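Can you make the complete structure from the sequences, with help from the hints?
There are 2 protein chains.
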Amino acid sequence: MGRTSDAKNKILTAARSLLEQRGYSALGVAEICKTAGVPKGSFYYFFESKEALALAVIDERWADERRDWERILRGDAEPLQRLKQLFEATESRQREGQENCGVVSGCMFGNLSLEMSNQTDAVRERLQEIFEAQVDMVETTITEALGRGEITAADPREAARSVVAQLEGQVLFAKLYNNTLQLRTLWPNCLALLGAHKPQVAELA
Amino acid sequence: MGRTSDAKNKILTAARSLLEQRGYSALGVAEICKTAGVPKGSFYYFFESKEALALAVIDERWADERRDWERILRGDAEPLQRLKQLFEATESRQREGQENCGVVSGCMFGNLSLEMSNQTDAVRERLQEIFEAQVDMVETTITEALGRGEITAADPREAARSVVAQLEGQVLFAKLYNNTLQLRTLWPNCLALLGAHKPQVAELA
Chain A
814 MGRTSDAKNK
824 ILTAARSLLE
834 QRGYSALGVA
844 EICKTAGVPK
854 GSFYYFFESK
864 EALALAVIDE
874 RWADERRDWE
884 RILRGDAEPL
894 QRLKQLFEAT
904 ESRQREGQEN
914 CGVVSGCMFG
924 NLSLEMSNQT
934 DAVRERLQEI
944 FEAQVDMVET
954 TITEALGRGE
964 ITAADPREAA
974 RSVVAQLEGQ
984 VLFAKLYNNT
994 LQLRTLWPNC
1004 LALLGAHKPQ
1014 VAELA
Chain B
814 MGRTSDAKNK
824 ILTAARSLLE
834 QRGYSALGVA
844 EICKTAGVPK
854 GSFYYFFESK
864 EALALAVIDE
874 RWADERRDWE
884 RILRGDAEPL
894 QRLKQLFEAT
904 ESRQREGQEN
914 CGVVSGCMFG
924 NLSLEMSNQT
934 DAVRERLQEI
944 FEAQVDMVET
954 TITEALGRGE
964 ITAADPREAA
974 RSVVAQLEGQ
984 VLFAKLYNNT
994 LQLRTLWPNC
1004 LALLGAHKPQ
1014 VAELA
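Protein chains in written order, with this note's numbering: chain A, 814 to 1018; chain B, 814 to 1018.
Certain hints may be false.
Computed, partial: chain A to chain B, Cβ under 10 Å [to be verified]: (1) 838; (2) 839; (3) 985.
If you're looking for bench data, these hints aren't it; they were derived computationally from the structure. Just so you know, these numbers come straight off a predicted model, no measurement behind them. The C-beta atom is built at its ideal place from N, Cα and C for all residues, glycine as well.
Here is the structure:
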């Protein structure tokens, strides 16, 4: 049993790395097994299909990122400061990835949304759930800031979605230019999108 | 010669459609030729490689979209109105695509940025050039609006990049949710990002 679950972990680790570097379509089961150092039979013992593996990798990644999102956005800092911390954590994660593998790999959920959301309903639905969860958490934070009179966003849900969209768009540029400095604009842009009051902007910028 | 260039066009048309639906990696030369109804020999007569074909498709698409961007952003309307027209044109284009093929296919340049910018330098450079050209055009428009005292953006270049990033992020959501209504927020978000003066926001919203 020990060896068995070890093989599963090796497959997941190899798939995560290959999926980040090259996307879903470029990925073959044979290559995953070769990289993982496990026989092909092991793959189908643990995963019904490449799609099932992709879902497992997505879930694992979101479980990991979600911990960060929850720790930050449900933390003790003031609501706008929590959003700032979220962007700083995003920049750190992308910079670490770049230091480890030479390139900014971007957001796995954004990458897969653009590569394959048209192709498999199961992946599309999972990615929708993840982005909804992100928007939920940002919305809660925005609603708190609204209650404190710090911002003027008319529709907290739409504002939250726009903040996450800005994040995905800037991560796209960070990946395309292989440059995480792009992500420094997330914080001032978030304040602008939320209609933060000017003194707050000056104080927090 | 007539038949020859006809084959080239058929290959480009098939590749454009397949690239939009499924991305680059999922695409094979044999399938492109089958869809185009041309023998495989024709492919290599016109294109050195799949990468060369992808570059040709990207160039063709940008030549087409660039005409729209230039017509709108260099038009006679007031600068902020031109940006509004750009977002309306983006929404129309995505909605037409959805009506024709059932799904929102998103922005080809954004899709390829996330799928393959890490994989081929030639494609990465071409996509960078296209986004720089977009940011250039938006920056010029923003600078005009600044000169008219309509907005307060501190750094027109950064502001232009953020407007394009917001566009890419919202198009990502439009694709993931197969819903172009998402794009309606581009205009108010652009005004917020540029620090448009309130009366302007009320007037134009």
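Structure-based check of all given hints:
no. : hint : in the structure
1   : 838  : holds (4 Å)
2   : 839  : holds (4 Å)
3   : 985  : holds (5 Å)
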